[in-house]
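Participant: Sequence:
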Amino acid sequence: MSKAEEAKKTITIENVVASTAIGQEIDLKSVTLALEGADYDPEQFPGLVYRTKDPKTAALIFRSGKIVCTGAKSIEDVDRGLKKVFKKMDSVGIKVDQNPEITVQNIVASADLGSVLNLNAIAIGLGLENIEYEPEQFPGLVYRLDHPKVVVLLFGSGKLVVTGGKKPKDAEEAVDRIVKELEGLALL
Numbered sequence: 001m002s003k004a005e006e007a008k009k010t011i012t013i014e015n016v017v018a019s020t021a022i023g024q025e026i027d028l029k030s031v032t033l034a035l036e037g038a039d040y041d042p043e044q045f046p047g048l049v050y051r052t053k054d055p056k057t058a059a060l061i062f063r064s065g066k067i068v069c070t071g072a073k074s075i076e077d078v079d080r081g082l083k084k085v086f087k088k089m090d091s092v093g094i095k096v097d098q099n100p101e102i103t104v105q106n107i108v109a110s111a112d113l114g115s116v117l118n119l120n121a122i123a124i125g126l127g128l129e130n131i132e133y134e135p136e137q138f139p140g141l142v143y144r145l146d147h148p149k150v151v152v153l154l155f156g157s158g159k160l161v162v163t164g165g166k167k168p169k170d171a172e173e174a175v176d177r178i179v180k181e182l183e184g185l186a187l188l
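Going by the UniProt record's numbering, the first residue of the sequence shown is number 1, and it counts up by one from there.
Keep in mind that the hints are not guaranteed to be accurate.
Stated by the list, open to error - For lysine to aspartate or glutamate, the following EDC-like pairs were computed, each having C-alpha atoms within a straight-line distance of at most 16 Å: (1) LYS166 - GLU101; (2) LYS53 - GLU25; (3) LYS169 - ASP146; (4) LYS3 - GLU136; (5) LYS166 - GLU76; (6) LYS56 - GLU25; (7) LYS9 - GLU134; (8) LYS169 - ASP39; (9) LYS3 - ASP176; (10) LYS167 - ASP77; (11) LYS56 - GLU101; (12) LYS53 - ASP39.
Unchecked claim - Cβ pair distances, simulated, as ranges: (13) ALA34 - GLU76: 46 to 52 Å; (14) ASN130 - GLU76: 17 to 23 Å; (15) LEU128 - LYS169: 26 to 32 Å.
No lab work stands behind these hints, which were simulated from the structure alone. Beta carbons are placed, not taken as given, at the ideal position from N, Cα and C, and that holds for glycine.
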């Protein structure tokens, strides 16, 4: 099995952030009173926070009718979590279209390359135009990829975080590319 295949087996989706809108303004104060467990403190945050348990997500509901779902571990969990939120809103008198469009904004995934990395050598080897590496500021190397359009955080432990993806495949493509580039530089 290649290094890339081994690394891809370790990919775990940590968080999926998606947004939607219900096409109407919402009175957040009255919704907070009607939705059990909703948190709304406009001094701290302009939206209402409503958490679902299965799947474990948080919906950030704004007065404009926009809703951001965060904390999901898959796109399916986003759909299931938002369906529960829509159903709850429906039950308190806020009519929601049957299938509002849901847009994935960001998928954060982690993976393990399975070996210790020399971040100084990687920063030099990959070239400084797409790299940020300031170990005094942050222990990871920040690598911006154009394809897929993601940001990869590489750590000396060999662990990495891929953020900015729009689909789960973006993490796989990023891991493939990182492994190929590091192998090409004889740094993995």
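Participant: Taking the hints in turn, state whether each one holds.
Facilitator: How the hints compare with the structure:
no., hint, in the structure
1, LYS166 - GLU101, "holds, 15 Å"
2, LYS53 - GLU25, "violated, 26 Å"
3, LYS169 - ASP146, "holds, 15 Å"
4, LYS3 - GLU136, "violated, 30 Å"
5, LYS166 - GLU76, "holds, 14 Å"
6, LYS56 - GLU25, "violated, 26 Å"
7, LYS9 - GLU134, "violated, 29 Å"
8, LYS169 - ASP39, "violated, 34 Å"
9, LYS3 - ASP176, "holds, 9 Å"
10, LYS167 - ASP77, "holds, 14 Å"
11, LYS56 - GLU101, "violated, 21 Å"
12, LYS53 - ASP39, "holds, 15 Å"
13, ALA34 - GLU76: 46 to 52 Å, "violated, 27 Å"
14, ASN130 - GLU76: 17 to 23 Å, "violated, 32 Å"
15, LEU128 - LYS169: 26 to 32 Å, "holds, 28 Å"
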